[in-house]
Amino acid sequence: GQNIDQPTEMTATEGAIVQINCTYQTSGFNGLFWYQQHAGEAPTFLSYNVLDGLEEKGRFSSFLSRSKGYSYLLLKELQMKDSASYLCAVRDQRGSYIPTFGRGTSLIVHP
Amino acid sequence: GAVVSQHPSWVICKSGTSVKIECRSLDFQATTMFWYRQFPKQSLMLMATSNEGSKATYEQGVEKDKFLINHASLTLSTLTVTSAHPEDSSFYICSATSRASRGAVGDTQYFGPGTRLTVL
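As given, the protein sequences belong to chains A and B, one line each in that order.
Per our numbering, the very first residue in the first sequence carries number 252; after that it's consecutive.
Per our numbering, the very first residue in the second sequence carries number 21; after that it's consecutive.
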């Protein structure tokens, strides 16, 4: 399986930029997802990376380095509503296209 | 975008009873649906994968006789928690994809809103 590591909790100020890191170990990488999950709700899809580099989508960007087993989610111009858990999920090639989820990083945005 | 619904959104039941949770894809045909369980401040744990018209594939440690999954149509999968006990209290989330081919790059899972189960 995959070992997925994310920080448990982060705090940031409204309007600032925050970077949430995710490291993983897998035998055959086949894509990395980022999801946002508000308390008591289901995850919503944010981004998907399968090639190295930065994918930008509005205020959110996601970066991947396959050689380093590393990804980050970058959130710009933070808003209070960005307070949520951010889940990194990795898919490998061992006959399964189902990603494994990390424990998530709880982001708290304060005024 | 693809929409997945779950019903009920929350349920409270007595120990020993059975509870059925429905998962529907509203605007696409979901050849594959997934059932997850999430305990507070924990990650999503995959319970089983179900393909329309075939038996579900359960993850190691998940009792297939306790968590009955039926995927009778391309838009509906159900999870029945039989003889529920307090330790089954959790947040149950389903998700769906529109393609079933293994290794398909870019397949995105669309999640339902989840069902909060509390067993007294």
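Heads up, some of the hints might be wrong.
To be verified - Label pairs and their computed distance ranges (CB to CB):
| id | chain 1 | residue 1 | chain 2 | residue 2 | range |
| --- | --- | --- | --- | --- | --- |
| 1 | B | Gly73 | A | Ile268 | 27 to 37 angstroms |
| 2 | A | Leu325 | B | Met65 | 25 to 35 angstroms |
| 3 | B | Ser38 | A | Pro258 | 37 to 47 angstroms |
| 4 | B | Thr37 | A | Gln270 | 25 to 35 angstroms |
| 5 | A | Glu306 | B | Pro133 | 20 to 30 angstroms |
As the list claims (entries may be wrong) - Where chain A lies over chain B, by a calculated footprint (3+ residues, C-beta under 8 angstroms):
| id | region |
| --- | --- |
| 6 | 81-88 |
| 7 | 130-137 |
Read the hints as simulated data drawn from the structure, not as lab findings.
By construction, the Cβ of each residue, glycine as well, lies at the ideal position given by its N, Cα and C atoms.
In ascending order, which of the hints set out earlier in this document are inconsistent with the structure? Going through the list in order, the structure violates hints 1, 4 and 6 and respects the others.
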